[in-house]
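Colleague: So the chains spell out like this:
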Amino acid sequence: MTNPKYERKDFVAKEDVRWCPGCGDYAVLSQVQRVMPEICERLQLRRENIVFVSGIGCSSRFPYYMNTYGFHTIHGRAPAIATGLQLCRPDLLVWVITGDGDGLSIGTNHLVHCLRRNVNVKILLFNNRIYGLTKGQFSPTSEKGKKTKSSPMGSIEQPIKPLSMALASEATFVARASATDGKNLQEILLRAACHRGSAFVEILQNCNVFNDGAFESFTSAATRQDRSLYLQHGSPMIFGANRDRAIRLRAGFPEIVRLDEFPEKELLVFNESAAHPGLAYMLSELDEQAFPVPMGVFRCVDRSSFDELLDEQIETAVAKRGKGKLLEYINSGDTWKVTAP
Amino acid sequence: MASHRESPEKPGKTRQFKEMDHAIVRFAGDSGDGIQLTGSLFTHDSAVLGHDVSTLPEYPAEIRAPAGTRAGVSSFQLNFSSAEIHTPGDRPHMLLALNPAALAVHLADLMPGGTIVLDDDAFDTAGLGKAGFSGTDPRDDGTLAGYQVYRVPITSLTLEAVRPLGLDKKQASLCKNMFMLGLVAWIYDRSAVSVEKQIDSLLERKTTQPAMLEKYREQARANKLAFRAGYNYADTVEVFVCRYAVGKAKLLPGTYRRVTGNEATALGFLAASVISQRSLLYASYPITPASDILHELSRYRHFGVRTVQAEDEIAAIAMAIGAAYGGCLGLTGTSGPGVALKTEAVGLAVMAELPVVIVNVQRGGPSTGLPTKTEQSDLLQAIYGRNGECPVAVLAAHSPAHCFEMAIEAFRIAIRYMTPVFLLSDGSIANGTEPWRTPEESELPAIDLPQGLPAGDYQVYARDPGTLARQWVAPGTPGLEHCLGGLEKQDISGKVSHDSANHQRMVRLRMEKIQGIAKDIPELTVFGPAQGDLLVLGWGGTFGAIHHAVERAQRRGLSVAASQLDYLNPFPANLGKVLRSYRQVLIPELNAGQLRMLIRAQFLIDAAGLNKITGQPFRTSEIELEILRLLGVQGGGRQDPLPPNEEVHGAIGA
Chain A
1 MTNPKYERKD FVAKEDVRWC PGCGDYAVLS QVQRVMPEIC ERLQLRRENI
51 VFVSGIGCSS RFPYYMNTYG FHTIHGRAPA IATGLQLCRP DLLVWVITGD
101 GDGLSIGTNH LVHCLRRNVN VKILLFNNRI YGLTKGQFSP TSEKGKKTKS
151 SPMGSIEQPI KPLSMALASE ATFVARASAT DGKNLQEILL RAACHRGSAF
201 VEILQNCNVF NDGAFESFTS AATRQDRSLY LQHGSPMIFG ANRDRAIRLR
251 AGFPEIVRLD EFPEKELLVF NESAAHPGLA YMLSELDEQA FPVPMGVFRC
301 VDRSSFDELL DEQIETAVAK RGKGKLLEYI NSGDTWKVTA P
Chain B
1 MASHRESPEK PGKTRQFKEM DHAIVRFAGD SGDGIQLTGS LFTHDSAVLG
51 HDVSTLPEYP AEIRAPAGTR AGVSSFQLNF SSAEIHTPGD RPHMLLALNP
101 AALAVHLADL MPGGTIVLDD DAFDTAGLGK AGFSGTDPRD DGTLAGYQVY
151 RVPITSLTLE AVRPLGLDKK QASLCKNMFM LGLVAWIYDR SAVSVEKQID
201 SLLERKTTQP AMLEKYREQA RANKLAFRAG YNYADTVEVF VCRYAVGKAK
251 LLPGTYRRVT GNEATALGFL AASVISQRSL LYASYPITPA SDILHELSRY
301 RHFGVRTVQA EDEIAAIAMA IGAAYGGCLG LTGTSGPGVA LKTEAVGLAV
351 MAELPVVIVN VQRGGPSTGL PTKTEQSDLL QAIYGRNGEC PVAVLAAHSP
401 AHCFEMAIEA FRIAIRYMTP VFLLSDGSIA NGTEPWRTPE ESELPAIDLP
451 QGLPAGDYQV YARDPGTLAR QWVAPGTPGL EHCLGGLEKQ DISGKVSHDS
501 ANHQRMVRLR MEKIQGIAKD IPELTVFGPA QGDLLVLGWG GTFGAIHHAV
551 ERAQRRGLSV AASQLDYLNP FPANLGKVLR SYRQVLIPEL NAGQLRMLIR
601 AQFLIDAAGL NKITGQPFRT SEIELEILRL LGVQGGGRQD PLPPNEEVHG
651 AIGA
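Protein chains in written order, with the numbering used here: chain A, 1 to 341; chain B, 1 to 654.
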């Protein structure tokens with residue numbers, strides 16, 4: 001059966017979208033819908049085999065707006081529900097939609113273990129550094145000092161960096177994109193969809209109601225070139241509107257150098273598929289005030305996915321013991337017969 | 001009733017043989033002494049010989065509690081019988097104690113005039129001290145007066161027996177449980193050869209690693225030497241004046257095996273998967289006493305069974321829900337504290353109307369409670385323990401083998417009604433064993449699966465008029481793409497709805513759907529007269545003790561019936577009628593009166609409770625005494641003095 005040729009509209013649900021006007025989620029939805037036809041083409045996948053599973057929060061309304069299968073579940077648990085689904089149904093392309101509260105506060109545990117197991121799901125974490133649906137409390141990614149309704153004197157909590165956590169969880173695909181950079185986001189979504197195992201994508205997304213401008217200083221069209229670092233596998237980490245600066249390591253720590261003072265061939269070349277996650281971690285930990293903010297794929301390594309390993313065990317067991325037969329199995333071992341007197 | 005006959009082992013020597021219709025033996029020792037293994041071997045031998053058997057294993061919550069202390073005592077009670085039995089028995093006829101602590105802990109339970117076999121070597125000053133006997137020795141201070149006591153130097157005889165193998169002292173003394181087994185096997189007239197075969201097959205099954213095989217063979221050799229030494233000791237040394245013989249039970253013809261409740265539960269879920277031809281995903285977080293279900297199902301890979309040791313209890317049910325959403329059998333298992341964590345997710349499965357089964361192997365609560373003890377205190381948690389009006393079906397298994405059919409039944413109902421189903425088991429069922437007549441192909445129940453796909457414009461919450469279930473449509477089905485979720489949904493269409501009238505309608509529909517299951521489950525049956533003076537109503541693992549107590553009361557000519565609820569939500573349709581057919585209703589429970597509260601609330605019947613919350617199962621005598629009390633019969637002819645009753649009449653809802 002040849003795969004249908006899909007268009008963007010095939011993925012647009014009839015449901016009215018109910019995010020606040022101006023919300024960054026619209027842009028993400030639109031890019032996901034736009035890139036779906038290409039993903040289906042690449043993976044020879046039909047629309048009915050695509051599922052979006054979400055938790056709770058503004059971003060978790062996402063599945064209602066996709067004309068695919070969807071499951072809007074409970075707070076923080078989407079990665080676990082998606083794990084159960086994907087293990088039983090490896091024929092499906094399963095996406096997880098989560099946010100900084102859903103994925104990094106109430107559901108951190110599941111996210112960590114989903115990544116560690118390399119479950120074949122594609123996780124999009126919408127990071128707006130605020131709690132939106134509960135109307136504006138600080139989130140685990142809110143900056144220290146953030147004044148919100150629940151932190152009127154400023155948050156006293158150290159924020160967590162989503163990509164650092166993903167890397168520490170042994171994730172095999174770790175990337176960051178901005179909702180405002182559609183082209184880059186689409187590329188990353190496509191790569192995530194085609195990755196073997198868990199793909200974790202942090203999407204910087206503006207909440208214009210409770211945390212407006214959170215990423216403005218490095219994601220707007222005006223600032224992006226100068227304040228973002230677009231990672232290219234196999235290339236040095238050069239950035240700037242004039243591509244005149246770069247990141248390198250000195251004594252194990254990152255520093256910014258000017259290209260006119262430092263020959264390009266001596267720069268550190270970025271390698272997304274390095275076995276050791278050290279370089280990716282250095283990048284994920286860069287101070288966003290002092291350094292450009294890296295965008296793109298931080299890490300992409302190949303490792304068997306959870307479903308593949310489980311199915312391998314099933315195949316091995318069948319090969320070794322034969323396909324299980326219920327009554328034969330029940331009656332094997334220490335049994336005895338009672339005969340009619 | 002004693003009779004004399006020739007001993008089969010020693011022609012010419014006259015031995016006294018006592019015939020018994022049943023015998024209750026309790027093995028006790030330190031938790032490192034291999035008591036569970038010993039009990040299990042003897043049980044198997046009993047079952048193979050054709051006795052009906054029932055067991056009660058007990059072990060400390062600590063993996064290695066301090067050796068020799070009362071806290072570290074592990075025990076295993078076996079009741080084997082020539083008639084059908086349903087309980088491990090109240091008071092053992094014989095207690096085998098491998099150390100003073102074991103004697104201290106279990107002596108009070110021994111039947112008056114019962115037999116004690118103890119390891120005399122273990123009663124040194126250190127052993128007595130650890131067991132809390134300071135300055136006294138129970139062997140000669142009158143503590144054991146009235147019992148038949150056999151003091152056997154088990155440790156030293158064991159060391160002597162295995163000496164040819166050259167084991168170190170520690171390894172060698174580990175065989176003393178087998179010496180003890182040898183004594184018991186002789187006392188109960190068993191064939192030494194058949195027990196030895198058991199020892200061989202058990203140890204060889206223990207490992208699949210060739211490197212370990214030789215070590216296990218050596219262990220088996222040592223164990224058999226010790227066993228045979230114990231057997232021969234009993235036979236030769238004319239200390240044991242009496243052997244006991246128990247006849248075969250009249251069991252239904254068929255193939256039998258011994259199962260624990262947890263094994264039967266796992267096999268039942270496997271059967272549900274095979275019957276429905278839907279693959280099974282079991283996700284679970286290790287917890288006592290449910291972990292063995294995970295261990296067991298993890299061995300079924302060749303059936304395509306998928307198991308996941310989840311990161312936590314919530315993840316476990318979440319994975320099961322994911323599997324159910326994917327059209328497969330989603331299953332999770334835990335004990336009470338785990339259920340507490342899963343409750344929000346159960347609510348999601350109720351709202352999304354997905355078939356998920358949750359097995360709760362109940363233990364003592366609240367909080368961490370008594371992990372290795374049994375209780376029935378999670379009934380209300382299963383029925384009501386969620387936010388919102390959130391009805392689910394609740395079933396209970398009443399014995400180890402019964403877990404098999406109830407596990408299948410749980411999935412039958414879950415799928416037919418598109419609902420989460422709780423299956424309640426408990427610690428004593430989970431670890432207890434009984435002979436199980438395995439089913440023939442034709443005896444396996446059917447599981448109806450949805451036929452065909454919805455026609456026309458797909459309405460996610462359109463319902464079958466008979467069952468009120470919505471249709472199970474999994475991803476991958478072309479043209480029926482839809483989104484489920486935990487938000488309230490519009491009746492029929494399944495779109496998100498905040499409409500107030502719709503919410504009330506949906507709440508009612510979900511309730512009616514669950515109540516409607518009553519049309520689809522067997523009516524409640526009673527054991528005994530269809531009407532009379534007293535109905536003893538139970539649920540779950542109290543079945544055996546209730547049945548036995550009622551049987552005994554009936555033999556006194558009392559008008560008493562017993563009935564066990566396997567279905568707790570909804571109740572069987574005829575329950576009200578059954579309740580009203582008796583002048584009084586007694587509800588024994590291992591909790592503070594949870595079923596009793598439900599019965600009172602729903603049927604306005606002033607049921608009496610008998611409530612025990614000690615972490616121990618009921619004794620037959622405890623229930624029997626309460627029956628006599630309620631019927632105004634003085635407890636004449638009662639054999640056992642009763643321990644203090646943990647009654648809490650009226651603690652709930654009264």
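Keep in mind the hints are simulated off the structure, nothing from the lab.
Honestly, I wouldn't trust all of these hints.
Residues from chain A shown here face chain B by an in silico Cβ test under 10 Å; the list is partial [as the list claims (entries may be wrong)]:
no., residue
1, V209
2, I238
3, N242
4, Y329
5, I330
6, G333
Pairs of lysine to any residue, SDA-like flavour, derived with a Cα cap of 25 Å [as the list claims (entries may be wrong)]:
no., chain 1, residue 1, chain 2, residue 2
7, A, K325, B, Q277
8, B, K18, B, V48
9, B, K170, B, A83
10, B, K250, B, Q198
11, B, K197, A, T335
12, A, K325, B, K577
13, B, K577, B, Q602
14, A, K337, B, E443
15, B, K495, A, T134
16, A, K323, B, D120
17, A, K337, B, P164
18, B, K170, B, R64
19, A, K265, A, P236
20, A, K14, B, G304
21, B, K215, B, Q277
22, A, K265, A, I238
23, B, K215, B, L174
24, A, K337, B, E196
25, A, K337, B, K577
26, A, K325, B, E441
27, A, K323, A, D334
28, A, K14, B, P454
29, B, K495, A, V112
30, A, K5, A, R18
31, B, K250, A, I238
32, A, K323, B, L449
33, A, K183, A, A193
34, A, K135, B, A67
35, B, K197, A, D334
36, A, K337, B, D189
37, A, K323, B, D448
38, A, K265, A, P277
39, A, K14, B, L487
40, A, K337, B, A83
Nothing here was measured: the structure is a model prediction, and the numbers come from that model.
We put the CB at the ideal spot given by N, CA and C, even for glycine.
Colleague: Now look at each hint and say whether the structure bears it out.
Modeller: Hint by hint, here is what the structure shows:
The interface hint given for V209(A) is violated, since its Cβ lies 21 Å from the closest Cβ of chain B, which is over the 10 Å cut-off. Look at I238(A): its Cβ only gets to about 40 Å from chain B, farther than 10 Å, so that hint breaks. Using the Cβ-Cβ criterion of 10 Å, the hint placing N242(A) at the interface with chain B is not satisfied: the shortest such distance is roughly 47 Å. This hint holds: Y329(A) has a C-beta 8 Å from the nearest C-beta of chain B, less than the 10 Å allowed.
A least Cβ separation of about 5 Å between I330(A) and chain B falls short of the 10 Å threshold, and the interface hint therefore holds. At about 7 Å, the closest approach between the beta carbon of G333(A) and any beta carbon in chain B falls short of 10 Å, and the interface hint on this residue holds. Our distance criterion of 25 Å between C-alpha atoms is met by K325(A) and Q277(B), whose separation comes to about 12 Å. Of the supplied pair hints, the one linking K18(B) and V48(B) holds, its CA atoms being roughly 21 Å apart against a limit of 25 Å.
For the given pair, K170(B) sits about 41 Å from A83(B) by alpha-carbon distance, which is inconsistent with the 25 Å threshold. Distance check on the hinted pair: K250(B) and Q198(B) sit about 24 Å apart at the alpha-carbon level, within 25 Å; holds. Taken as a hint, the K197(B) and T335(A) pair is honoured in the structure, with Cα atoms around 14 Å apart against an allowance of 25 Å. For a cut-off of 25 Å, the pair hint linking K325(A) to K577(B) is broken: about 43 Å separates their Cα positions.
A distance of roughly 12 Å separates the Cα atoms of K577(B) and Q602(B); the hinted pair therefore holds under the 25 Å criterion. In summary, the hint linking K337(A) to E443(B) is supported, as the alpha carbons are separated by about 17 Å, within the 25 Å threshold. Only pairs whose Cα atoms come within 25 Å are accepted, and K495(B) paired with T134(A) is accepted, the gap being roughly 22 Å. Restraint check for K323(A) and D120(B): not satisfied, since their Cα atoms lie roughly 52 Å apart, outside the 25 Å limit.
For the hint pairing K337(A) with P164(B), the CA-to-CA distance comes to about 38 Å; that exceeds 25 Å, so the pair is violated. This hinted pair checks out: K170(B) and R64(B) have alpha carbons roughly 16 Å apart, not beyond 25 Å. With a C-alpha separation of about 8 Å, the suggested pair K265(A) and P236(A) falls inside the 25 Å cut-off, and the hint holds. Between K14(A) and G304(B), the direct Cα distance comes to roughly 39 Å. Violation of the 25 Å bound is thereby established for this hinted pair.
A threshold of 25 Å between alpha carbons decides the hint, and for K215(B) with Q277(B) the separation of about 42 Å lies outside it, so the pair is violated. With a CA separation close to 12 Å, the supplied pair K265(A) and I238(A) stays within the 25 Å bound. Simply put, K215(B) and L174(B) have alpha-carbon atoms about 14 Å apart, close enough for the 25 Å limit, and the pair holds. At most 25 Å may separate the alpha-carbon atoms for a hinted pair to count; K337(A) and E196(B) meet this at roughly 20 Å.
Among the hinted pairs, K337(A) with K577(B) is inconsistent with the structure: their alpha-carbon atoms are about 41 Å apart, more than 25 Å. For the hint linking K325(A) to E441(B), the alpha-carbon distance of about 11 Å falls within 25 Å, and the restraint holds. With a C-alpha separation of about 21 Å, the suggested pair K323(A) and D334(A) falls inside the 25 Å cut-off, and the hint holds. At most 25 Å may separate the alpha-carbon atoms for a hinted pair to count; K14(A) and P454(B) meet this at roughly 20 Å.
Distance check on the hinted pair: K495(B) and V112(A) sit about 32 Å apart at the alpha-carbon level, beyond 25 Å; violated. Distance check on the hinted pair: K5(A) and R18(A) sit about 29 Å apart at the alpha-carbon level, beyond 25 Å; violated. With a CA separation close to 86 Å, the supplied pair K250(B) and I238(A) exceeds the 25 Å bound. About 23 Å separates the Cα atoms of K323(A) and L449(B), which keeps this hinted pair within 25 Å; it holds.
The straight-line distance between the Cα atoms of K183(A) and A193(A) is roughly 16 Å, inside the 25 Å bound, and the hint therefore holds. For the hint pairing K135(A) with A67(B), the CA-to-CA distance comes to about 58 Å; that exceeds 25 Å, so the pair is violated. At most 25 Å may separate the alpha-carbon atoms for a hinted pair to count; K197(B) and D334(A) meet this at roughly 11 Å. In summary, the hint linking K337(A) to D189(B) is supported, as the alpha carbons are separated by about 21 Å, within the 25 Å threshold.
Only pairs whose Cα atoms come within 25 Å are accepted, and K323(A) paired with D448(B) is accepted, the gap being roughly 24 Å. With a C-alpha separation of about 23 Å, the suggested pairing of K265(A) with P277(A) holds against the 25 Å cut-off. Annotation: proposed proximity of K14(A) to L487(B) holds, straight-line Cα distance about 18 Å (limit 25 Å). Among the hinted pairs, K337(A) with A83(B) is consistent with the structure: their alpha-carbon atoms are about 17 Å apart, no more than 25 Å.
Violated hints for the displayed structure, listed by number in ascending order: 1, 2, 3, 9, 12, 16, 17, 20, 21, 25, 29, 30, 31, 34.
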